Amino acid sequence: MLGIFTKEDVFFSLFRKSAQNVHDAAKLLMDLLTNFTDVANRAHQIHNLEHQGDEFTHQILEYLAKTFITPLDREDIHKVATRLDDIIDQMSTAANRLSLYQVKTIPSDARALGEVLVTATALLIQAFDGLNNKKKFAEVTNCCVQIHTQENEGDRLMQHALAELFTASNPDPVEIIKWKDIFQILEKATDRCEDVADAMQSIVVKHG
Amino acid sequence: MLGIFTKEDVFFSLFRKSAQNVHDAAKLLMDLLTNFTDVANRAHQIHNLEHQGDEFTHQILEYLAKTFITPLDREDIHKVATRLDDIIDQMSTAANRLSLYQVKTIPSDARALGEVLVTATALLIQAFDGLNNKKKFAEVTNCCVQIHTQENEGDRLMQHALAELFTASNPDPVEIIKWKDIFQILEKATDRCEDVADAMQSIVVKHG
Amino acid sequence: MLGIFTKEDVFFSLFRKSAQNVHDAAKLLMDLLTNFTDVANRAHQIHNLEHQGDEFTHQILEYLAKTFITPLDREDIHKVATRLDDIIDQMSTAANRLSLYQVKTIPSDARALGEVLVTATALLIQAFDGLNNKKKFAEVTNCCVQIHTQENEGDRLMQHALAELFTASNPDPVEIIKWKDIFQILEKATDRCEDVADAMQSIVVKHG
Chain A
1 MLGIFTKEDV FFSLFRKSAQ NVHDAAKLLM DLLTNFTDVA NRAHQIHNLE HQGDEFTHQI
61 LEYLAKTFIT PLDREDIHKV ATRLDDIIDQ MSTAANRLSL YQVKTIPSDA RALGEVLVTA
121 TALLIQAFDG LNNKKKFAEV TNCCVQIHTQ ENEGDRLMQH ALAELFTASN PDPVEIIKWK
181 DIFQILEKAT DRCEDVADAM QSIVVKHG
Chain B
1 MLGIFTKEDV FFSLFRKSAQ NVHDAAKLLM DLLTNFTDVA NRAHQIHNLE HQGDEFTHQI
61 LEYLAKTFIT PLDREDIHKV ATRLDDIIDQ MSTAANRLSL YQVKTIPSDA RALGEVLVTA
121 TALLIQAFDG LNNKKKFAEV TNCCVQIHTQ ENEGDRLMQH ALAELFTASN PDPVEIIKWK
181 DIFQILEKAT DRCEDVADAM QSIVVKHG
Chain C
1 MLGIFTKEDV FFSLFRKSAQ NVHDAAKLLM DLLTNFTDVA NRAHQIHNLE HQGDEFTHQI
61 LEYLAKTFIT PLDREDIHKV ATRLDDIIDQ MSTAANRLSL YQVKTIPSDA RALGEVLVTA
121 TALLIQAFDG LNNKKKFAEV TNCCVQIHTQ ENEGDRLMQH ALAELFTASN PDPVEIIKWK
181 DIFQILEKAT DRCEDVADAM QSIVVKHG
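Chains as they are written, first to last, in our numbering: chain A, 1 to 208; chain B, 1 to 208; chain C, 1 to 208.
These are computed hints drawn from the structure, not numbers from a lab. Watch out, some of these pointers could steer you wrong.
When chains are identical, the list treats them as one kind, so a pair holds in a single copy or across two.
[As the list claims (entries may be wrong)] Taking lysine-lysine pairs in the PhoX-like style, the calculated list, with each CA pair at most 20 angstroms apart, reads:
#, residue 1, residue 2
1, Lys-104, Lys-135
2, Lys-206, Lys-66
3, Lys-134, Lys-66
4, Lys-79, Lys-66
5, Lys-188, Lys-27
6, Lys-206, Lys-79
7, Lys-206, Lys-136
8, Lys-136, Lys-104
9, Lys-27, Lys-206
10, Lys-206, Lys-188
11, Lys-104, Lys-134
12, Lys-79, Lys-17
13, Lys-206, Lys-135
14, Lys-27, Lys-136
15, Lys-27, Lys-66
As the structure is a computational prediction, the values presented were derived from the model and not from experiment.
Go ahead and model the full structure; you've got the sequences and the hints to work with.
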């Protein structure tokens with residue numbers, strides 16, 4: 001056992017699956033933002049991954065409730081599980097809103113936020129893999145730093161998009177309502193990536 | 001002692017009172033949505049129940065702080081108490097917004113969301129009662145499943161309502177702002193019911 | 001050692017610095033709301049204090065992760081640190097929105113909410129100082145009660161402001177969107193002050 005977990009640790013295995021599921025959803029969302037057709041169906045696909053993610057979260061929390069000695073602090077397990085779930089919830093909500101609001105075209109800032117989410121969730125997977133090998137703890141930390149950078153970029157993109165919406169020469173209130181909502185949901189997804197990174201960083205500090 | 005609590009357990013007694021208070025507020029809110037008159041006064045009645053709920057939450061958390069050995073995990077007690085409080089806070093805010101925004105008529109989806117809250121909070125009471133008798137743990141689980149179903153229905157209603165607001169032939173931005181806000185608050189109240197159900201489910205798993 | 005902490009306790013010292021930083025940000029925000037010029041630069045100054053606050057939070061949580069025996073319950077340390085951070089985040093976001101939305105004039109309710117934040121954050125500092133001396137625990141409680149009063153006042157101001165926005169004779173939807181957002185952010189900052197006060201009250205109950 002080089003890392004925190006034994007090779008077949010249930011928590012590690014479920015975290016890893018959940019992170020992959022979150023990343024898959026980010027890629028579907030990015031595809032939708034890039035090629036904006038068949039919106040309702042493709043939002044529904046993301047919704048299905050969200051349900052799959054609920055199942056992983058449920059399994060983690062149920063296993064946590066039944067397990068007396070855990071490889072990580074209970075609060076860290078809880079935080080990682082629920083925040084991974086929050087990421088995919090926000091992405092699914094964003095896709096759903098694109099469909100509900102009958103959005104016609106996607107602003108470039110929204111696509112850029114989609115890219116941030118693809119990058120940040122790939123870094124989450126990389127960081128999880130590093131948790132299983134103490135020699136890779138520096139790599140985990142490096143991934144977490146990069147996720148922070150992505151979150152900052154997400155924030156910058158949202159602010160740029162909001163400024164554009166409100167300072168248009170003839171602002172359309174309904175468009176503002178729609179896109180302010182969608183941009184804030186996308187940005188919140190990047191915040192939740194940062195929360196997972198913070199929890200992983202805390203795990204590395206405790207076990208380093 | 002057949003259940004988790006002794007008969008006079010302070011936590012159980014306060015949880016039960018708080019859940020009843022939440023359910024009473026849900027019924028007042030439903031009455032208001034059904035017979036939409038005297039709005040400011042009746043919103044204030046719901047606000048008074050919210051204050052009563054604050055008092056229960058305060059008593060639970062103070063007793064938790066003073067109690068060394070608790071019948072449930074501290075984190076579960078904390079979660080149940082604060083999430084019950086969140087439900088009534090959201091319902092009180094919804095009633096307040098109906099008054100502040102000088103809403104004229106209530107859409108049918110809002111009444112349906114009110115019904116969801118009445119049903120879900122009745123199920124919470126039933127689930128709490130089951131916690132006190134291990135023979136009824138299956139019933140607790142069944143209530144929690146039904147609360148999830150109600151939460152899904154709340155989500156569906158909110159999405160239907162949002163779609164209607166935005167796809168009206170001549171959408172009124174001020175109406176959209178008002179009702180998007182109110183629908184999201186009502187839906188958040190159903191989410192918090194689900195959180196309490198999740199905490200109860202976790203208690204049943206740990207003590208089953 | 002008259003209080004909970006030893007004189008050089010790291011947690012106490014960092015809490016105290018973080019609370020002072022939050023109060024400094026509240027004063028800058030109030031200055032901006034009173035003398036509304038050079039908005040982007042002054043919003044950026046508040047943003048810089050937010051970053052300083054992140055650093056304190058990070059130090060507290062890292063020290064918590066490394067420390068086996070803590071002077072307070074771990075959950076209380078965590079709550080105080082993160083909620084202090086939330087206060088300054090909300091204030092920084094409010095300042096940022098004033099700039100992004102190219103706001104022209106400040107309504108009096110917004111200035112009054114700024115005053116509430118200055119008062120509540122000064123009370124937080126006073127309460128922290130009292131934590132270090134059991135003879136001053138009654139003073140801590142008194143400060144917490146006053147912070148609750150401030151939060152109620154913040155809520156009242158926000159409701160008054162929302163009612164005014166929506167009941168104007170000819171409501172401007174874009175103005176409603178901007179100011180509903182800003183007022184809710186300011187009010188949320190007062191809620192987070194109350195959360196810190198609740199955590200301090202819980203500490204006093206446990207150690208009294």
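Now for the hints, and whether the structure bears them out:
Proximity of Lys-104 and Lys-135 under a CA criterion of 20 angstroms is satisfied in neither setting, with 49 angstroms inside one chain copy and 55 angstroms between copies. Taking the closest pair of Cα atoms, Lys-206 and Lys-66 come within 20 angstroms of each other only across two copies (6 angstroms); inside a single copy the shortest separation is 23 angstroms, beyond that limit. Taking the shortest alpha-carbon separations for Lys-134 and Lys-66, only the inter-copy value of 17 angstroms comes in at or below 20 angstroms, while the best intra-copy value is 27 angstroms. In this assembly of identical chains, the alpha carbons of Lys-79 and Lys-66 lie at most 20 angstroms apart whether taken from the same copy (17 angstroms) or from different copies (18 angstroms).
In this assembly of identical chains, Lys-188 and Lys-27 lie within 20 angstroms of each other by CA distance solely inside one copy; the values are 17 angstroms within and 28 angstroms between copies. Taking identical chains as interchangeable, the C-alpha atoms of Lys-206 and Lys-79 lie at most 20 angstroms apart whether they share a chain (15 angstroms) or sit on different chains (19 angstroms). With identical chains, the CA atoms of Lys-206 and Lys-136 are at most 20 angstroms apart within one copy only, with a shortest distance of 15 angstroms there and 35 angstroms across copies. In this assembly of identical chains, the alpha carbons of Lys-136 and Lys-104 never lie at most 20 angstroms apart, being 45 angstroms within a copy and 52 angstroms across copies at closest.
In this assembly of identical chains, Lys-27 and Lys-206 lie within 20 angstroms of each other by CA distance neither inside one copy nor across copies; the values are 32 angstroms within and 37 angstroms between. In this homomeric assembly, Lys-206 and Lys-188 never come within 20 angstroms of each other (Cα to Cα): the closest approach is 27 angstroms inside a single copy and 32 angstroms across copies. For a Cα distance limit of 20 angstroms, the shortest separation of Lys-104 from Lys-134 qualifies neither inside one copy, at 48 angstroms, nor across copies, at 54 angstroms. Proximity of Lys-79 to Lys-17 under the C-alpha cut-off of 20 angstroms is restricted to the intra-copy arrangement: shortest distance 16 angstroms within a copy versus 27 angstroms between copies.
When the C-alpha separation of Lys-206 and Lys-135 is checked against a cutoff of 20 angstroms, the pair qualifies only within one copy, where the shortest distance is 15 angstroms, while the shortest distance between copies is 36 angstroms. Proximity of Lys-27 and Lys-136 under a CA criterion of 20 angstroms is satisfied in neither setting, with 26 angstroms inside one chain copy and 44 angstroms between copies. For a Cα distance limit of 20 angstroms, the shortest separation of Lys-27 from Lys-66 qualifies neither inside one copy, at 34 angstroms, nor across copies, at 37 angstroms.
When held up to the earlier numbered hints, the structure conflicts with 1, 8, 9, 10, 11, 14, 15 and fits the remainder.
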